[in-house]
Amino acid sequence: MISYIFRRTLAAIFLLLVVSAVTFAIFFLLPRLVGQTADQLAQQYIGKSPSKADILAVKHNLGLDQPVYVQFWHFIKGIVAGADYNIGPTTVHCDVPCFGYSFKDHVAVWPQLTSRLPITLSLAAGAAVLWLVSGVAIGVISALKPRSLFDRTFMGVALAGVSLPMFFTGNLAILLFVFNWPIFGRDYVPLTQNPEQWANTLFPAWCSLALLYSAIYARLTRSGMLETMNEDFIRTARSKGLGERTVVVKHGLRAALTPIITVFGMDLGLLLGGAVITESVFSLPGIGQYAVQGITDNDLPKILGVTLLAAFFVVVANLVVDVLYAAADPRVRLS
Amino acid sequence: MEGKAPIMRRSALAAIAAIGSASLLLAGCSKADDSKNEGKSAGANAATKGVVNASDKKGGTLTYELSDVPDSFDPGNTYYAYMYNLSRLWARPLMTFEPGPGSKGNTLVPDLAASKGVPSDGGKTWTYKLRSGLKYEDGTAITSKDVKYAVERSNFARDVLSLGPNYFQIFMADGDKYKGPYKDKSAKGLSSIETPDDTTVVFHLKQAFQEFDYLVAAPQTAPVPQAKDTGVDYVKHIVSSGSYKFQSYDEGKQAVLVRNPDWDPKTDPLRKQLPDKIVVKLKVNPETIDKDVLAGDAIDLAGTGVQASTQAQVLTDTAKKAGTDNTFGGRLVYMAINTKVKPFDNVACRKAVQFAIDKASVQTAEGGPIRGDIASTVLPPDIPGYVKSDVYATDGNKGDVAKAKEQLKACGKTAINTNISARSDRQPEIDAATAIINSLKKVGINASLKQYPSGKYFTDYAGVPKFTEKQNIGLIMMQWGADWPSGYGFLQQILNGSAIGQSGNTNLSQYDDKNVNEMLNKSIATPGDAARNGIYAQIDKKAMDDAVLVPLTYFKVLLARPQNYTNLVSTAAFSGQYDYLNIGVASK
Amino acid sequence: MTELSKTGVATGEPVAAGKTPEAFLDVRDLKVHFPTDDGLVKSVDGLTFSLDKGKTLAIVGESGSGKSVTSLAIMGLHRLGSRGKNVRMSGEIWLNGKELVNADPDEVRRLRGREMAMIFQDPLSAMHPYYKVGDQIVEAYRTHHKVSRKVARARAVEMLDRVGIPEPGKRVDSYPHEFSGGMRQRAMIAMSLVNNPELLIADEPTTALDVTVQAQILDLIRDLQKEFGSAVVMITHDLGVVAEIADDVLVMYGGRCVERGRADEVFETPQHPYTWGLLGSMPRIDRETSERLIPVKGQPPSLINVPSGCAFHPRCPYADIPKENVTRTVRPELQQVEGGHWSACHLSAEDRTRIWTEEIAPKL
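Chains as they are written, first to last, in numbering that gives the first Met the number 0: chain A, 0 to 334; chain B, 0 to 587; chain C, 0 to 363.
Hint data in this document are derived by calculation from the structure and do not stem from the laboratory.
Don't take each hint at face value.
Claimed, not checked - Once the Cα atoms are required to be at most 27 Å apart in a straight line, the calculated DSS-like pairs of lysine-lysine come out as:
id, chain 1, residue 1, chain 2, residue 2
1, B, LYS341, B, LYS235
2, A, LYS249, C, LYS169
3, A, LYS144, C, LYS30
4, B, LYS341, B, LYS265
Using the sequences provided together with the hints, build the complete structure.
Right, here's the structure in full:
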């Protein structure tokens with residue numbers, strides 16, 4: 000088990016290296032293929048009328064004048080050893096782990112990520128609890144009474160939930176519950192500062208995000224439960240004289256839940272890398288918003304930082320899911 | 000002058016394009032607080048005619064909201080009009096604009112300086128005297144050296160602070176030799192700016208420049224204490240010279256300003272220091288901004304006007320409409336005719352285009368009269384030098400096929416095949432170009448639409464003369480606003496023959512007329528506003544006679560006026576935005 | 000052939016409906032129908048039999064003949080789960096003086112596992128993969144006995160020991176997938192017998208196992224039956240199993256009983272052509288290899304459109320012997336052959352005896 004986790008961790012580090020290399024390559028090489036030069040990239044970080052010397056100066060300052068592999072090396076080196084950046088009168092040290100220094104904002108990426116992470120985390124965790132509970136509950140009830148009014152109603156709602164874009168549900172939620180009936184607040188407050196307000200402001204976002212996911216989970220749970228409840232071991236459980244609730248929860252749900260936990264882990268991992276649309280709609284300054292900024296600004300360090308963080312969460316989620324799966328299903332052995 | 004301006008004073012116009020269709024769906028839904036505030040508003044466009052809710056009431060919290068992030072709060076590293084406007088709260092430039100409605104807001108008044116600049120040497124040397132008793136937020140005295148330093152850091156350290164314009168680098172004598180204060184650590188600094196004493200600053204220019212007062216109205220002349228300058232990081236700890244100082248600054252999220260106790264109203268006839276607190280929220284959902292503004296509790300910092308969905312909602316409601324200001328944004332929407340692409344080297348062919356275009360349909364495509372009045376001159380009405388005229392008037396602005404064909408015949412053509420370029424991520428521009436293509440077709444001019452991303456429109460496509468010539472792009476969609484509200488500020492980058500660059504060109508017509516070039520050079524050396532404005536009108540007329548561009552609309556924005564705020568006046572100096580200097584909070 | 004019981008097998012004329020029977024298990028005119036989109040599936044269509052304590056009844060038939068449905072009906076399992084609403088049951092099932100078909104479901108639940116228990120064909124899928132074998136046995140015990148986990152665990156170890164699992168104290172903490180097939184079925188049996196049920200239903204308990212293990216399991220069931228004195232219903236399609244273990248045999252075809260009687264009677268003088276077919280397809284160790292097996296030709300009948308007349312007539316080689324096309328128009332009722340031996344066939348007794356002795360028996 001421990002050696003398994005150790006090997007997986009090594010593989011994960013290698014994977015993250017590959018991810019950063021690929022991101023680097025996409026950012027630097029693809030524009031070259033369509034004819035964009037480092038000059039033009041640098042030009043985006045200058046106001047107007049840049050002279051040749053200006054471009055050269057900015058290029059040098061951003062490190063864009065070096066070969067791509069040197070830039071990549073500096074980036075990797077920065078993560079383990081830190082880096083120094085010229086900010087004018089002095090240089091500023093970017094502490095370990097230095098995930099680069101934003102071209103645009105002129106701040107180190109890592110502290111930005113860590114300061115934004117609690118927001119994305121709050122959003123993802125709250126929504127996850129909501130969608131897991133509601134999705135699984137609806138799925139189970141639907142599965143126990145297939146084709147009933149409940150089943151048809153909620154599966155219809157689930158289909159709508161999956162189909163409706165966040166632009167719609169999110170904005171509608173804001174319109175109704177923040178403006179029309181101002182039940183919920185709007186300005187994000189950290190959990191540690193005021194838990195009540197934290198939950199209050201995040202609630203519409205949680206609900207909108209949860210609607211999207213709980214729809215998927217309800218369908219997933221429903222089909223899983225339908226399948227499981229036809230298993231032989233359910234018949235065995237009943238033949239032992241167990242109450243129907245025990246049969247459904249202890250024997251049925253227990254088995255149906257395992258694949259759902261797997262999907263859940265992956266979804267949560269992906270979400271921690273930034274709920275881009277939700278964060279934009281609800282003006283939550285999380286990782287996703289940071290990613291959008293990076294992309295609109297062509298700001299490589301931001302993009303790299305978010306990509307790596309997202310990749311990290313996905314890799315970790317993968318590992319956790321595998322370990323959890325082994326814990327949940329005794330037939331699975333890690334090796 | 001070097002002519003590679005990619006985009007003059009970026010007005011965050013791109014934000015307009017970023018609205019999802021969801022907002023349209025939401026438009027019809029909300030009827031929440033319709034009649035609540037009826038009768039309170041001063042009427043539609045009131046803030047374009049005078050100061051609305053004029054008041055000296057102190058206290059309250061004022062909120063600005065922005066869907067984006069600004070380039071920087073650092074007065075030496077910004078180029079957005081709204082930051083020019085807002086930064087005056089913590090950074091006092093030598094000169095500024097008097098808060099006033101419309102083009103009255105273009106009036107220059109001394110701010111940090113005690114009076115307007117005193118020109119000598121025929122306008123090549125400008126001397127400013129600072130007011131006495133000026134202090135930073137930490138109580139230390141503001142000296143003329145700090146002004147000099149501010150100009151040096153903002154214009155000459157382009158590798159570090161690269162986001163603002165660099166007019167000083169271009170205009171100052173020896174500007175091309177000085178390496179900026181971060182590299183050149185000598186005490187002397189830029190030799191062409193002298194500080195004979197702590198309250199005097201003298202600028203020596205390369206050439207006579209009569210509009211220098213406009214240049215020093217940029218936040219780049221707001222004093223920065225060298226000891227406190229941390230280059231790029233200065234934005235995190237800005238030392239205020241204005242009526243407010245930073246209580247907190249949260250990168251990319253928000254800034255909170257509070258009263259600056261060391262700001263002395265006796266040194267400042269302009270600022271009133273009304274609210275207790277000013278909050279600038281960044282990255283706010285555009286719909287949310289509109290909602291807050293309509294509720295009366297926020298100002299749309301970018302001043303680009305309400306979203307399309309909100310616009311529909313506001314205009315169909317009389318009460319709400321009374322709370323809006325539809326104002327010129329100091330911009331011209333036009334189509335340049337590329338004089339280097341055949342057959343548009345022939346003036347008759349250009350005139351054929353002028354007559355052919357149905358400007359009414361273009362206006363509709365741009366979003367109707369709310370988004371702009373039909374234009375017939377290069378200078379918009381809110382820029383000094385504007386004289387009403389319409390050389391190519393057609394009935395109802397619908398175009399005149401007969402006259403166009405007549406011109407085409409004079410040009411020796413019956414049909415023309417050409418291309419028209421527009422920015423792919425700006426839907427109104429594409430729609431306008433499509434309307435133009437349709438009206439040109441009626442006279443036998445076949446134009447095909449070529450779309451390019453706005454981020455590279457000037458650096459890679461429309462602003463690269465070789466590219467346009469090679470691709471047979473004869474017609475180029477364009478929008479233009481000036482860095483400072485004068486005819487020169489507006490015209491010189493788009494009509495000056497010597498401003499044509501190989502990339503980042505903004506003289507898209509590649510118009511190189513000896514008379515116009517001379518007039519531009521003469522104007523800037525001419526003392527007296529009236530005399531200069533006369534020249535600008537002549538340039539405008541000449542360019543129209545030569546038919547080098549087709550004015551389409553004078554860009555307008557629809558601002559919602561937050562009714563709980565006081566001293567709201569839409570000023571032409573900042574693209575029609577409300578003047579941010581003295582907005583206060585009314586008692587509720 | 001194995002030792003057969005001589006007395007006490009209650010296979011006689013059905014007791015009149017509504018009267019409390021004397022037999023331990025008494026099933027009367029049981030019908031189990033499932034409405035589907037394609038029509039009404041008559042899985043069991045009028046089945047009557049009874050069984051005394053300590054005896055073993057084998058229900059024999061092809062898959063789809065209704066034998067498993069019958070066993071689930073006795074256990075009351077059809078009414079549970081999402082399909083519970085869709086089943087239509089009628090008739091009576093009397094277990095130890097209690098009628099089950101119309102009883103309160105919760106009452107039937109309390110009987111399940113305690114008075115009647117069941118073991119299934121595939122022990123791997125029948126045991127919950129996520130729970131330890133011991134825990135599953137403990138659960139079965141504690142559902143019906145208010146005892147501590149510790150006591151229940153001791154009981155589980157005891158039962159595992161009883162069914163012949165080596166090192167039961169250790170294996171009690173194993174998961175089902177860690178057991179071999181035979182061990183799993185032993186564990187399954189341990190689980191079903193943990194509450195000393197008086198009725199054990201075994202639904203093809205050896206089908207999924209290899210031959211040597213099959214015999215062991217059957218021996219085990221037999222031994223345990225002796226020890227506990229339970230009645231056993233053995234569902235199987237394998238007449239070899241029947242011969243090994245059964246006191247009585249009930250042959251089902253198309254949801255109905257076509258022949259029933261003491262095992263020795265049915266094996267010695269089978270009366271129904273379908274039974275002949277089953278006997279012909281039975282592999283026997285004493286049969287010479289050169290003689291080929293005679294399977295029952297044709298497909299099992301549709302339970303929605305059961306063939307008219309005798310349901311077996313499409314596959315019956317003797318269907319044309321009775322006159323006036325009677326096999327195709329009239330459904331044959333069960334008729335007493337002798338004592339407890341009943342059969343539902345239009346062939347005359349003479350014809351049956353002749354065909355059996357002359358045509359079938361010699362080939363077996």
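For each hint, the structure was consulted:
1. Taking the CA atoms of LYS341 (chain B) and LYS235 (chain B), the gap is about 53 Å. The hint is violated against a cut of 27 Å.
2. Note on LYS249 (chain A) and LYS169 (chain C): the hinted pairing holds, with a Cα-Cα distance of about 24 Å set against a maximum of 27 Å.
3. Of the pairs offered as hints, the one joining LYS144 (chain A) and LYS30 (chain C) holds, with about 25 Å between alpha carbons and a cut-off of 27 Å not exceeded.
4. Taking the CA atoms of LYS341 (chain B) and LYS265 (chain B), the gap is near 62 Å; set against the 27 Å cutoff, the hint is violated.
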